[in-house]
Amino acid sequence: MDPVLTSTLADIVRNAAPLLIASQGELITERAGVVNLSLDGTILLAAMAAFAVTYNTGSLGMGIVVAMLIGMLVALIVISASVFLKLNQIAVGFVLTLLCADLSTFFGRKYSGQQGTEIPYAPIPILEDIPVIGEVFFQHNILIYFSLLLVIFVWLWTYHTRLGLSLRGLGEHPAAAYVRGTRVQAWRFVYVAAGGALVGLAGASYSLSVKLGWREGSTLGNGWIALAIVIFGGWRPFRIAFGAYFIVGLRALALYFQQEDVLNLPIQIINMTPWVLMLVTLIFVTSGLAESLLVIVPPRWRPAAQNLLRAKPPAALGSNFERS
Amino acid sequence: MRLEIHNISKSFGPLKANDHISFTFEGGRIYAILGENGAGKSTLMKILSGYQSASSGQIIIDSNPAQINSPHHAIAHGIGMLYQDPLDFAPLTVLENYIEGKPFTFLMRRREAEADLLARCKILGFNLNPHAMVESLTVGERQQLEIVRLLSLGVRILILDEPTTGISAEQKSQLFQTLKNLAREQNMIVILVSHKLADVEELCDEVLVLRRGKLVGYRSLPCETDILVEMMFGKRISTTTPQPLYTDKPILKIHKLSVPARLFTIQNINLEVREGEVIGLAGLDGSGQVEFMRTVAGLGRPTWADQLTAIVALVGMWWVFGKILDESSAVLNLARIAILILVLGPMLKTLYLYIRQRANNDQNTQIMLNGKNIGWRGYRDLLERGIAYLAAGRLEEGLVAGLTLVDHSALAERSSLPHVNWLRAWRRTKQAITDFSIKGRPFSQIQTLSGGNQQRVSLSLLPTNLRLILLENPTRGLDVESAGHIWSLLLNRRKQGTAIIFSSPDLDEIIDYSDRILVFSSGQTTLVENPEQMTTARLGELIGGKS
Numbered sequence: 001m002d003p004v005l006t007s008t009l010a011d012i013v014r015n016a017a018p019l020l021i022a023s024q025g026e027l028i029t030e031r032a033g034v035v036n037l038s039l040d041g042t043i044l045l046a047a048m049a050a051f052a053v054t055y056n057t058g059s060l061g062m063g064i065v066v067a068m069l070i071g072m073l074v075a076l077i078v079i080s081a082s083v084f085l086k087l088n089q090i091a092v093g094f095v096l097t098l099l100c101a102d103l104s105t106f107f108g109r110k111y112s113g114q115q116g117t118e119i120p121y122a123p124i125p126i127l128e129d130i131p132v133i134g135e136v137f138f139q140h141n142i143l144i145y146f147s148l149l150l151v152i153f154v155w156l157w158t159y160h161t162r163l164g165l166s167l168r169g170l171g172e173h174p175a176a177a178y179v180r181g182t183r184v185q186a187w188r189f190v191y192v193a194a195g196g197a198l199v200g201l202a203g204a205s206y207s208l209s210v211k212l213g214w215r216e217g218s219t220l221g222n223g224w225i226a227l228a229i230v231i232f233g234g235w236r237p238f239r240i241a242f243g244a245y246f247i248v249g250l251r252a253l254a255l256y257f258q259q260e261d262v263l264n265l266p267i268q269i270i271n272m273t274p275w276v277l278m279l280v281t282l283i284f285v286t287s288g289l290a291e292s293l294l295v296i297v298p299p300r301w302r303p304a305a306q307n308l309l310r311a312k313p314p315a316a317l318g319s320n321f322e323r324s
Numbered sequence: 325m326r327l328e329i330h331n332i333s334k335s336f337g338p339l340k341a342n343d344h345i346s347f348t349f350e351g352g353r354i355y356a357i358l359g360e361n362g363a364g365k366s367t368l369m370k371i372l373s374g375y376q377s378a379s380s381g382q383i384i385i386d387s388n389p390a391q392i393n394s395p396h397h398a399i400a401h402g403i404g405m406l407y408q409d410p411l412d413f414a415p416l417t418v419l420e421n422y423i424e425g426k427p428f429t430f431l432m433r434r435r436e437a438e439a440d441l442l443a444r445c446k447i448l449g450f451n452l453n454p455h456a457m458v459e460s461l462t463v464g465e466r467q468q469l470e471i472v473r474l475l476s477l478g479v480r481i482l483i484l485d486e487p488t489t490g491i492s493a494e495q496k497s498q499l500f501q502t503l504k505n506l507a508r509e510q511n512m513i514v515i516l517v518s519h520k521l522a523d524v525e526e527l528c529d530e531v532l533v534l535r536r537g538k539l540v541g542y543r544s545l546p547c548e549t550d551i552l553v554e555m556m557f558g559k560r561i562s563t564t565t566p567q568p569l570y571t572d573k574p575i576l577k578i579h580k581l582s583v584p585a586r587l588f589t590i591q592n593i594n595l596e597v598r599e600g601e602v603i604g605l606a607g608l609d610g611s612g613q614v615e616f617m618r619t620v621a622g623l624g625r626p627t628w629a630d631q632l633t634a635i636v637a638l639v640g641m642w643w644v645f646g647k648i649l650d651e652s653s654a655v656l657n658l659a660r661i662a663i664l665i666l667v668l669g670p671m672l673k674t675l676y677l678y679i680r681q682r683a684n685n686d687q688n689t690q691i692m693l694n695g696k697n698i699g700w701r702g703y704r705d706l707l708e709r710g711i712a713y714l715a716a717g718r719l720e721e722g723l724v725a726g727l728t729l730v731d732h733s734a735l736a737e738r739s740s741l742p743h744v745n746w747l748r749a750w751r752r753t754k755q756a757i758t759d760f761s762i763k764g765r766p767f768s769q770i771q772t773l774s775g776g777n778q779q780r781v782s783l784s785l786l787p788t789n790l791r792l793i794l795l796e797n798p799t800r801g802l803d804v805e806s807a808g809h810i811w812s813l814l815l816n817r818r819k820q821g822t823a824i825i826f827s828s829p830d831l832d833e834i835i836d837y838s839d840r841i842l843v844f845s846s847g848q849t850t851l852v853e854n855p856e857q858m859t860t861a862r863l864g865e866l867i868g869g870k871s
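Listed in order, the protein sequences are those of chains C and H. Take the first sequence: its letters are residues 1 to 324, numbered as in this note's numbering. Take the second sequence: its letters are residues 325 to 871, numbered as in this note's numbering.
Be a bit skeptical, because a hint or two may be false.
[What the hints assert, rightly or not] One side only, chain H facing chain C, incomplete, derived with CB under 8 Å:
hint : residue
1    : PRO395
2    : LEU416
3    : GLU420
Rather than coming from a laboratory, the hints here were simulated on the basis of the structure. None of these values were measured; they are calculated from a predicted model. In this text, a Cβ means the ideal position worked out from N, Cα and C, and glycines have one as well.
Using the sequences and the accompanying hints, generate a full structural model.
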């Protein structure tokens, strides 16, 4: 296979890792029925914190742990405000986005542009020697492997364990989950905290690996992309993973066109393409247009195809559960 | 099996929803709890099923005091509740719904659960596909799933809240048979909460009546209906058969109309509605009654405005593709196609619907109001011409939760002025409150009113000079008294020559109030000319397809 293509694919796997981790984190948060809209700010703040802690202590592990704690803390603010103060999750999340972004600028000033430590390159023995696949998937660092395993883990968890079944019920109809003995609020806290920790980890994986170093607003926008990917992925782990790779792939393509100057188009148009395509896909999937095209699928496969195209959010998303 | 409750009380602030209720339920019997809306039936059942906890009182099961703090506890004690709107997960499969709530295991154990589910369904005579999505099920099937699920959890006391709302006659008789078997053969306690006297008389052995939170009466069945009604309301309500008021003048003519419904396409509907006539639509849930009414009301079918967008879509396509052939830059063309799909996609869908509608319909299809074809007019237009439609989902489709009565009155005002005349809206609201005896204040938010009062508000908002009112299940969830009031308001309208078309799952209601009945069955319609000679059993047969 063409070595340029292989290395591009490897780059896509690498660059998509933070988006993958953040969107899987948001996936379990939203599946539990909570919207954590603060992703963009949380990722910035966590990225800054991971870099700063690693810079000062020299310990990568410490940086990653602090980043995850920050993500968890922000997420817990969202759910606590919703449960205890009955505040709107979207409003709280949005305010936290702005707050965290400003905090990252404020605290990160003196780390801006500094030389930092990178998570060590750790190819997996034997597997890395597989042609193409080895280079694409198994010649990275541990965070990237984690992002791949995470997708499989989240999928197994949500669709093949009883706790995952409860998780799906939680976001769908909390009252029904409650009468079946699920402790709704407690589990929401658990999943939201776990999701938040993953978002923090996504921040750390930017500043310690994918976009090495810290600069004001260095990851700006990626949180929103992760949120969009969750919707694009129809709240399903593998579709979300596909979405993340798709977006990063389109960006790589745009970069390539820009460098080679093949199309002779303003850079903005190329940069816009992923968004336009994502919008088109979203409209296609959510408008029911896709469903009406299902007529061409043989009836036997129709339910499966319908399931695949499904893009309904968890029904109780963003609502607060109270037993009345 | 024996369930005793002692001095159960529950207060919400100053309101006593349950006031020292004591009773003993015995195994093998079917109990009914009757009461008008707000009598405290639901509260009592929620306390028994653990969804709410009592302010004071004791529950004793087989002479062991039971502490019930959550539905899970209740199930552990053998008390299970089937909620009116079954508490299940719509986008999950039947099997997944069945598994969730079972004693915890780490993995799903689908195969084991599926075998278990199928075996239990077979015993009960239910026919559930474990891999179907719950959202594709009818309410009756969802109830069956919940019953199987509760029984598999070892439930010995089964509480059902209004189980016959929204299920077909056939499903109802199957449900009743199941409940009887459970009580007789397995010595279970079955408790039915209902406001439908006919159902209670058909199924139950004992009747408890609640009024204003207190247990006011207890009878063994059979027992005179009048006595039950008197116990429920504290007074007798005489149900008078309404006098026919229609004239010979037809106002609406429907000729060879076909309506696509959820299960079938209803072919070839012909109907003439006369002034002041009441027409009841009978049929299984989802047989096309609603689609028929919505079509007549100009909702949910392509109208001329949609045709216009379809034409715009066609022209747009032609233009864009024409341009594409001229241009050379690939990306610009991609952008154009993107815009094409973005803007024109929905319009194309409309076009597709329009074509499908035309293909289904004979060229001669007509809906005529007072001799004018209204087939391609939309709802807003038709409202001006005197056709109004009230959906069954009062708070979902008809009214706006969070707005006050005055807001609604202002919204319904059809004025060309840009400002809102609040004074007039307020006056009209006051007037409506007196005229329609609405229990509520002008500035109460609509969702705080009871169902019956919400329906009265909906009726008061309709323009006065209507030719035809279409109502989907006008008395859904209302008790006998509220339902009677709604009907007297509706029947009053006939004096001005307004015709009424309504659908209802309650066959008695259809027979009582209709001048003629249109029966929807398996894609066919049959017109019944003389409902006074009709029995519910005969009507049920017609619905089931026997002629």
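Exercise. Compare the structure with the hints numbered earlier in the document and write down the numbers of the violated ones, lowest to highest.
Key: When the structure is compared with the hints, none of them turns out to be violated.
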